[in-house]
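Peer 1: Read off the chains here:
Number of protein chains: 2
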Amino acid sequence: MRLIFSALISLPLLLLAREGMWEPHQMPLLKKELRAAGFNKNVNSISDLFEFPMNAIVSIGGCSAAFISPNGLIATNYHCVEGSYLQYNSTKEDDLFATGFTAVNYEDEKPSAPGSRVYITTSSTEITDQVLAGTEEADDYASKAEIIEQNSKNIVSDCEKDSNIRCRVRSFFSGETYKLEVQTVIKDVRLVYAPSSSIGEYGGEIDNWMYPRHTGDFALLRAYVAPDGSSKEFDQANVPFNPETYLKISAKGVSDGEFVMVIGYPGSTNRLQTFAEINYDLTQGFARSIEFLKRGIELIEENTKGDEAATLKYRGLKSGYENYYKKIAGQFEGSKRFNLLDSEQMKWDEFMRHVEGNATPAEKNDLAALLDLIKEQQDRYLAERYYGNSSLISYVFRIYKNADERRKPNEERDSGYQERDQNRIKNSIRSAQYRFEAKIDKAIFLDRLQTYKAFDEDLRRPEFSRALKLDGSHEETLAVVDKIYSSEFTDPTKMLELFEKSFEEITASKDPLINFIESIYAESKEYEKQYDAERAERQKLRSTFIKLSKDYYKKINKPLYADANGTLRVTYGNVMGLELQDGIAYKPFTSLEGILEKHQGETPFDAPENLRTLIQEQDYGTYFAKDVGSVPVNFISDLDITNGNSGSATINKDFELVGLAFDGMIETIISDYKYIPEARTISVDSRYLLWNLEKVAEAKNILAEIDIVR
Amino acid sequence: MRLIFSALISLPLLLLAREGMWEPHQMPLLKKELRAAGFNKNVNSISDLFEFPMNAIVSIGGCSAAFISPNGLIATNYHCVEGSYLQYNSTKEDDLFATGFTAVNYEDEKPSAPGSRVYITTSSTEITDQVLAGTEEADDYASKAEIIEQNSKNIVSDCEKDSNIRCRVRSFFSGETYKLEVQTVIKDVRLVYAPSSSIGEYGGEIDNWMYPRHTGDFALLRAYVAPDGSSKEFDQANVPFNPETYLKISAKGVSDGEFVMVIGYPGSTNRLQTFAEINYDLTQGFARSIEFLKRGIELIEENTKGDEAATLKYRGLKSGYENYYKKIAGQFEGSKRFNLLDSEQMKWDEFMRHVEGNATPAEKNDLAALLDLIKEQQDRYLAERYYGNSSLISYVFRIYKNADERRKPNEERDSGYQERDQNRIKNSIRSAQYRFEAKIDKAIFLDRLQTYKAFDEDLRRPEFSRALKLDGSHEETLAVVDKIYSSEFTDPTKMLELFEKSFEEITASKDPLINFIESIYAESKEYEKQYDAERAERQKLRSTFIKLSKDYYKKINKPLYADANGTLRVTYGNVMGLELQDGIAYKPFTSLEGILEKHQGETPFDAPENLRTLIQEQDYGTYFAKDVGSVPVNFISDLDITNGNSGSATINKDFELVGLAFDGMIETIISDYKYIPEARTISVDSRYLLWNLEKVAEAKNILAEIDIVR
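Chains as they are written, first to last, in my numbering: chain A, 1 to 710; chain B, 711 to 1420.
It cannot be assumed that every hint is accurate.
[To be verified] Computed list of chain A residues with no C-beta within reach of chain B, every gap over 10 angstroms: (1) L293; (2) V481; (3) E523; (4) I584; (5) E597.
[As the list claims (entries may be wrong)] Dumping the calculated DSS-like pairs for lysine-lysine here, alpha-carbon to alpha-carbon at most 27 angstroms: (6) B:K1057 to A:K626; (7) A:K442 to A:K375; (8) B:K1057 to B:K1297; (9) B:K1297 to A:K336.
[Said to hold, decoys possible] One-sided and incomplete, this derived list gives chain B residues near chain A with beta-carbon spacing under 8 angstroms: (10) M920; (11) P922; (12) A1153; (13) T1300; (14) E1303.
Since the hints were made in silico from the structure, they are not lab data.
Heads up, the beta-carbon is just placed ideally off N, CA and C, and yes, glycines get one too.
Input sequences plus hints: build the corresponding full structure.
Peer 2: Spelled out as structure tokens, the structure:
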């Protein structure tokens, strides 16, 4: 609290809360705040999706990115290209992680794994009425949910005229508003540049979520299209895509206190929650997640020990678990450090005073019903986490259901199983080849089942429990699982063959795994339906909560933003250090010399020799920052980002790229859950990127192509 | 190196090296540097021992202190009063560590343990010629040493007319210069104020040598004399002493960058060393010391486990070991972090180039002989560390030798055994009652013997080895040690009785410990003599090294200071934060709120409830510092201090007390050995002291007595 207090004394202008992942059209509402933060351009210039700089920002699926040249060059994070670009193009002999990669011309650029995409948002239109059309007449929440799904599917299929565009119905404010997001899809994306992992992953897991940080978390891709400009999968004849606009890159960078924005695609947040949910998360939910993840990590470690191939296959899942574990443990710590429970309780009490005095009886009823529903669901969801932790069953279940759905006309199928989804499903099944091993999958499944078994009978799925004899002895369950895993479909090639088969062919099989799936198929569909109905009910009740929240925010004169949902968002703020501990200040910038300080000659602190020599010789080139006394490597700012923002361009008030956002700080990562003013976003500095291109990679062609502001 | 470099950019004026524990008379030499540091007063005002502020500074034996009122009130560190004041006055029922202590008037003030003293330096006169008189005619170094000792004793006994003064011959520059230090001795010192240990020791061992720090390391004493002004042991009739001058206390404190000085009694340094010594220390010596201390801590832990009384008795020795261990391990780390070996090698090479070009053949011979001698002694000294680690033997050996010496006329006795020393010896033997237990002493002795035994025969003392059968089996040695420890003098009361006996009475004893001492007495004296001779030889050779160093320093235009030797010294510099790690800055001040951050409700982080309430209520009184945003607790500056400086007044350019120096930082504590510009001194802020007196202790009488500058 003191830190905020002293900040108030010294920096009154900067203290306007930075909270918010805003939709571009909301920016004019924030004019005063943007001015206070140091933005002196026309606010309308950042409110239009079709205008620069918004239309230079793209999604590459899970990560954000930005065009940085008229020839489709794209900047994103190193960690966003590890799988589909580096791992895909690496062999034992030619390990791009070890060497890094710099294409010397277009021909040299490397293709990406199937399914790699660039998405450019071209419009976002409100369609709430169309999505909800007919729901008023529905008898129950299940039918309501069905109507909404059918409406959505119709809207999407009407929208997706060709495979060049992707259309998605996006829910804002928990279904209070729906929007149709239209995106251009580019299907040929190639690797142009990535540093070696000893730069791009410098600090590795140890420094993950940490600051001071020294990670060169940048990489360059290029979008390609057919010569006629249409979207086309990889083809030698394809040509570089010409985006409408692109970002210039600043060689001057930013300095302490300077205005910055991040534009990107934050994945999801749950900030608009009732106190009942927050209270549950902070007192139980986080702890249970930590338990689940910790055990997951242990299971992978125990079962892959000494098996190099298996270790590699499960490296992704494990590092995902570890990443999430570190994050959620940090959030748990942070919630205590920043006393979140107390402050949220206070906020809720205030909100409830507003409700008491202003809401209608029907609204109050809805709110009470929402709180009851939340309470009832919490235990059930806890058990559900331990249901079905078998990738084998999941893969084949999906094939089975897909075959079943394929029997219906396209528009009647469940979403996710339509024609447009077929390739994605196939690619996901194909991935079993490098991320699945039956022996390990089985061990994890069995362990999770043990925990699932311990839940009250009424929290478990009856058919699933029966099929696996969960009310019998461990040996009985083991026998069933052994039988399931004796299936021929533990072989990924067989899985792919199965994918091509008809539902009739599949059901004719005597395979024990197929038989098991048949035994739980109806129940599974029933649960899906039930959850859809519950979701619809919660959504309906929640929309009352949202309405009351909006009233309340209006009353206290604050704009409100929708939870992140993977759509294009803007957050603004300032480059800013941080004090978390009396007497110690995190400075806003780190520098090249910090890389040498951390260097140990061993992964993850094994800086390449040429990099070290350049630093020792203080060969800063034109990227020396006087205020930092060196070339800046990473910097922190009070921007409000979350997962999905990785690779987002950090831009200055002139919309020049000054960095790429890639991480948060573990001490304040609770802000991902509930915003706190101490939250900091870590970006890799544009000057470190340019310095690497010039001095380390000597990428003259790339430097010539990009527009550098000196 | 980068940190220095960036400091150069931003603070050119502050960069003049702060190295140096200067004698007051040297201050005029440093006028330019003092001005650059921000001192704008007359430089001569800090060059005279008889003038303010020098004569307000006192030694309390091992610690420094300062008069802060006309009635003899003295400010020093809390950790300097723990033994002789707090422990001495504490009982189970009235534990001053737990409660703290605030005298409400003179009568309320508490007496101190026998031997507690205040020393006020009244003169320091060069007497090199008198000390060395006659040494030219000596045949060998042993006689030379004897002459020096005899001369010194004569000078001291001529000087010490009465027990009101203490005279000491002090060696500067390894015996290149001798000075006679005359001090007024005050024998009645009482405890006036000490916070509870939960404030005065806040952070305890964990925070020892650490920053950011939040320790209230302050306490107040009062000097008393007889009504006629003469020095007298504790007596109800004694009256407060009126010092010639005293320091005012600043309630405004200092701010970042401000000029500060520390005046005090640094104990000893070894900065004027040859590279041969530094090289040995950094590659072997430090590691061997760490080994010795680590084992010492283990031995105490193993042998006091579960025995509360023994734990208490060895608490002092253990914490001494721990403190030293932490320090020397930090120095070892620091020597590597700051690449000391390389930089010292470079400095030495430069010095040797000067020697090559400028020294006479005789001087070069002396330097070569010095290097040979150092090399020859290193192994021997290593073994000697493990010789005689028995407190029992040491106590009784001292009594034995004292009785022997007492047979000679006073002036002929070895120094340390004269009439003037009798009380001190007795007090030290008395201390066995609360810091000695035969069983544990024996275990430590045996373990150290095991290591001693392993040294080459020619590195060990032959009589001692023979008496303890060190070349026999462990069992034989054990039997001898058992016999020694069967002595009746394992009882401290018996030791005190023995102290009163004559040499004849003692030698008539059949006690096995006395017998053992008799068997090694001659050898021990022989070794003393030999070491004296070696010291004299080294001193002689070293004086050539000093002379060459002085020439060299003159050539490079730098003043040179003598190694710390317990005499009054001045160091000056600036309040200054520190950056040791890229991206992280230690701020110059810590604040009250940091106490709450660290509070755990358990020692050593158990802040008293009233303190916490005051902080929570932001009850800063008149001690709020705008630049800190709170009441400052501790601060760091680039002052050059060492052991013995504890309790030293940190004063501003107006000679007002702004803090009390109490510690260094473990990361830069190597500066204690060789100065580095990154070194920082930690002081407790005067504002925290005043705030405690006013808000926590509510010590109106004390606040009324001191001169507070607001």
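Peer 1: Could you tell me which of the hints above the structure violates, numbers in ascending order?
Peer 2: Numbers 4, 5, 6, 7, 8, 10 and 12 - these are the hints that the structure violates, sorted from lowest upward.
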